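Enquirer: Listed here are the chains, written in short residue letters.
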Amino acid sequence: MSAIPHSNSIENHNEEERDPTKQKLEERRDVDGRRILLHNLNSLRVPFIVSSLITTHKVKTTLINTTKVLEGTVILDVSCGAGILTESLAKLGGRVHGIDPSNDFISTAKRRAQLDKSLSNLEYFTSTVHDYAKKNLESYDAVIASDILECVAEKESFLEACIRCLKPEGSLIITTFSKTWMSWMQNVIIGQVILNIIPRGTRKWEKFIKPEEIQEILNKHNCRTVEIRGINLNWMKKKWSWTLNNNHIYALHAIKNR
Amino acid sequence: MAKYAMFTLQNYLKLKQCTKCNSNLVRYYCSASKQSEHYDIVISGGGMIGSTLACTLGKNTKLSNKRILLLESGKPIKWTAKEKYSNRVSALNQNTYNLLSQIGAWKHISAVRSAPVQDMQVWDAISDAVITFNRDTSSKVVAHIVENGLLLDAIAKELSQLTNVHIRNEVKINKYSFPQTSAQEVTIELENGEVFTCNLLLGCDGFNSQVRQSMGVTFVSWKYDQKAIVATLKFSEPVKNVTAWQRFLPTGPIALLPLSENYSSLVWCTSPDLADYTLKLNEEQFVNEVNEALWKVYTSNSIIEESTKTFNKFLEWFQLPTSNRQQLPPKIVEVDKESIASFPLGFGHATRYIAEGVVLVGDAAHRVHPLAGQGVNLGFGDVATLNELLGEAAYSGRELGHISDLREYETRRQRHNVPTMIAIDGLHKLYNTDFLPVVLLRSFGLQFTNAINPLKMAFIDHAGK
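One line per chain: the protein sequences are H and X, in this order. The first sequence begins at 1 in my numbering and counts up by one. The second sequence begins at 1001 in my numbering and counts up by one.
Keep in mind the hints are simulated off the structure, nothing from the lab. Please note that a few of the clues may not be correct.
[Claimed, not checked] Pairwise CB distance ranges (calculated): (1) Thr1218(X) x Gln215(H): 40 to 46 Å; (2) Gln215(H) x Val1220(X): 51 to 57 Å; (3) Asn1095(X) x Thr180(H): 41 to 47 Å; (4) Leu195(H) x Lys1429(X): 41 to 47 Å; (5) Glu1392(X) x Asn257(H): 30 to 36 Å; (6) His1462(X) x Lys237(H): 22 to 28 Å; (7) Thr180(H) x Thr1163(X): 39 to 45 Å; (8) His1462(X) x His130(H): 55 to 61 Å; (9) Asn257(H) x Ala1111(X): 51 to 57 Å; (10) Pro1076(X) x Lys60(H): 34 to 40 Å.
Quick caveat: nothing in here was measured; it's all calculated off a predicted structure. Quick reminder that beta carbons are idealized off the backbone N, C-alpha and C, glycines included.
Chain H with its partners taken away, still in its complex shape (with noise of 0.2 Å):
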């Protein structure tokens, strides 16, 4: 599967992932596949998704620093492929939902979810983001897009579908490729091409989006973008880290005015 695994659409899923058979308990501890980026990429997206959730006031202060700190919150990660963000999630104990368009997808995270009981608090389910928006309205705290705004065409209609799933001040919390030389360079010619940990041809450089054009669908949708805070590769070690440079990719939080 791709180290980058969402997609909206079905002509974005990889191979292996598209079988679920290979799928094996020894996934629960696979790290040295593909998937590395994406699990490492944990460390940096879920402390961002926490501390968000903080700064919200939507954590009960008592419960910071443990390992039930999302207890309460309710939260839809879109389009959750396989759900590695999905079960982190749920691991700190919120109430998390994870949906896909694509039926292989959620059947994989479903029995991956199986293995571990513990996750009682994770559902997953096959829709769209459109689609599901129409029957959950203002339903979550937080909603997650992470590295799913690159594949998509259609980005407002799907940014307005993911707010409308927001409670009011509730958190909508992207991360994406910028437009950028350097995010060409990174993504599509290292990543791709020379490297090709993302698999080839399915992250296209005329779908990635700036953060100042996601701002401005944003604010015409009701939101107010809070922080926008650049995510730096290292692709040899395969490990991620903050940075001051929003021009490679970045995570962005934006909160729905009442």
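Fit chain X to the given chain H structure using the hints.
Expert: Below, chain X alone, put in the same frame as chain H:
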């Protein structure tokens, strides 16, 4: 269909046996093996490092849902403060002090006794070159001298309050089985037939580590041709005892660590023959030997004497501090006969600290010469790093003992431990000779380091990490 029902029934019965297992993931495995109890973390070895690790992890709020088991071969420690000091003491650096304060153990230590080291004087018996570390150099206390028994007792007090840490004493481990793939678990078989499984095994079982031997990692080791003699010494009169003294003799370093106004702890590394001879002496003769080791003037070579003097003048010319203000250690009058003991010295380093589901901590991973008093501090450094990484991993929703976190632990610790160990071994080799050019070089080195404050600070900082 009937067959299927039978199968599930059998499985169900097996599962029933494992009701103690909390996680369902675990039950899955338990069903395959004989009756066993599952813990998230098993710590093998309840010495200073093992019990501190158990306490630190047990108190980490980010790991509060983890069940921890501490296995120790010895009996529970019963430590009562006697007037007499124990002969086994440790010099704890600032970071170790911080760790112990953080887990609440330090308050039990300070309620009983510990001695701060504010000054340190190290000098060369042959050339009389001196280096001093004191409050002028570093505002902090250089180290705290604490009896090992007291430290263990303080940790045990805190451990007894933790509900998520279970302790089993007097256990002998028969066999460790490590996972071949990441999905399996570590199995620990005791000699009495009990079986434990865990997601993460932490080997804190000392330099003869059974965990390390079962892992089959390469352990680079050698014995030093030296033995350490320890004892509790009494001074002729009460002194303001805040200085750690160390003199490098051609046979090895002798060190006095402060315990109280009247007492200091001796750590004397010397050749095995001399050690065996000294151990047979009566108290009076023993004291004489110690005093001689501290005071004896070696027939100084005129070349060395002139060279160090000239080098001092050279430093003075640059208005740098020179080392002719050498202080003298207090005179010893008595030794506690029962406190005299000796142990062999060695060096060892495991090339890998980790494997799938296993981590080596403390002496199990590394063993050094006691000349810098760093051995136990390296171990406490391992504890702090492992605690931080495991906590962060859990707080990011990663499973316990994810290999990438274990690798990070190994990288961070080896990056600190290996240079420290090489430096200590280098110092040992440097001072274990009276070959003239080496003596000259090391004397200049000591004088120069003493003169350049930032350099001195760099040493203290590294040792404090």
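Enquirer: Now, for every hint given, state plainly whether the structure supports it.
Expert: Cross-check of the supplied hints:
no., hint, result
1, Thr1218(X) x Gln215(H): 40 to 46 Å, "54 Å, violated"
2, Gln215(H) x Val1220(X): 51 to 57 Å, "56 Å, holds"
3, Asn1095(X) x Thr180(H): 41 to 47 Å, "42 Å, holds"
4, Leu195(H) x Lys1429(X): 41 to 47 Å, "45 Å, holds"
5, Glu1392(X) x Asn257(H): 30 to 36 Å, "33 Å, holds"
6, His1462(X) x Lys237(H): 22 to 28 Å, "25 Å, holds"
7, Thr180(H) x Thr1163(X): 39 to 45 Å, "53 Å, violated"
8, His1462(X) x His130(H): 55 to 61 Å, "58 Å, holds"
9, Asn257(H) x Ala1111(X): 51 to 57 Å, "56 Å, holds"
10, Pro1076(X) x Lys60(H): 34 to 40 Å, "38 Å, holds"
When each numbered hint is compared with the structure, violations occur for hints 1, 7.
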